[in-house]
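Engineer: Sequence:
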Amino acid sequence: MITAAMLYDQVMCPHRPSMDLFANPMKRDKLSPFVKLLWEKGTSYEEEVIASLDIPFLDLTPYSQEEKESKTLEAIERKEPLIYSGRISADDLLGEPDLLRLDENGYVAGDIKSGAGEEGVVDDRRPKKHYAVQLALYTDILERKGLSSKREPFVWDIHGDEVTYELDELTGKRNPTTLWNIYRETLDEARRNISNPGNSSPA
596 MITAAMLYDQ VMCPHRPSMD LFANPMKRDK LSPFVKLLWE KGTSYEEEVI
646 ASLDIPFLDL TPYSQEEKES KTLEAIERKE PLIYSGRISA DDLLGEPDLL
696 RLDENGYVAG DIKSGAGEEG VVDDRRPKKH YAVQLALYTD ILERKGLSSK
746 REPFVWDIHG DEVTYELDEL TGKRNPTTLW NIYRETLDEA RRNISNPGNS
796 SPA
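Quick note on my numbering: the sequence shown kicks off at 596 and runs consecutively.
By construction, these hints were calculated from the structure, which means they are not laboratory data. Even glycine gets a Cβ: it sits at the ideal position worked out from N, Cα and C. Some hints here could point you the wrong way.
With a cut-off of at most 27 Å between alpha-carbon atoms, the simulated BS3-like pairs for lysine-lysine come out as follows [stated by the list, open to error]:
1. 740 to 768
2. 666 to 768
3. 674 to 745
4. 663 to 708
5. 740 to 663
6. 724 to 674
7. 740 to 724
Just the calculated beta-carbon pair ranges, DEER-fashion [said to hold, decoys possible]:
8. 738 to 787: 18 to 26 Å
9. 608 to 779: 41 to 49 Å
10. 676 to 772: 15 to 23 Å
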């Protein structure tokens, strides 16, 4: 199964997904204290955001794997307005979006991030590709299941802002493309690397 975390890693390091699946665990570098700190910071911030919500939501954190997915689908069928820590899948795609929010036409996915929702200078802000591919995977799953509202997932970022990722909007000045195209290319690369792990070995 292709997960959002795998696509994140594919953007950050093209060799990472296949290495995680196929490389000898004994040859992996130990997790650095800095990376551990980042993970802990992200988890802590997410917990703070959820604890501060003043709107009702369904919390599925007590569940895991197939049971979490079953509970998520049941909640979607009931049209729960906001689902936290759900799990969805379709074909070879698997995602655990932090948030699934119902609007007038279906569900839209969102993630809580302990970083800024965009990058770049003040007058040239742009979406982060490694965030975009994760959000696009959730959206793809929702579309395949006939549950998607629109290709406009969102991030709740460290500044308390909601940043919409318009996946079909052209981005980039030199070679304009859409975030959805970037997602599809990244997904194809991940599939190739996983099916042919030898092609993804670092030099």
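Engineer: Take the hints in turn and mark each one as holding or not.
Structural biologist: Right, here's what the structure says about each hint:
Proximity of residue 740 to residue 768 is assessed by CA-CA distance (about 34 Å); at most 27 Å being required, the pair is judged violated. With a C-alpha separation of about 43 Å, the suggested pair residue 666 and residue 768 falls outside the 27 Å cut-off, and the hint is violated. Distance check on the hinted pair: residue 674 and residue 745 sit about 16 Å apart at the alpha-carbon level, within 27 Å; holds. In summary, the hint linking residue 663 to residue 708 is supported, as the alpha carbons are separated by about 21 Å, within the 27 Å threshold.
Note on residue 740 and residue 663: the hinted pairing holds, with a Cα-Cα distance of about 17 Å set against a maximum of 27 Å. Taking the CA atoms of residue 724 and residue 674, the gap is about 30 Å. The hint is violated against a cut of 27 Å. Distance check on the hinted pair: residue 740 and residue 724 sit about 24 Å apart at the alpha-carbon level, within 27 Å; holds. Restraint check, residue 738 to residue 787: a C-beta distance of roughly 22 Å satisfies the suggested window 18 to 26 Å.
The hint said 41 to 49 Å for the Cβ distance between residue 608 and residue 779, and at roughly 19 Å that hint is violated. Checked against the hint of 15 to 23 Å, the C-beta distance between residue 676 and residue 772 comes to roughly 34 Å, which is inconsistent with it.
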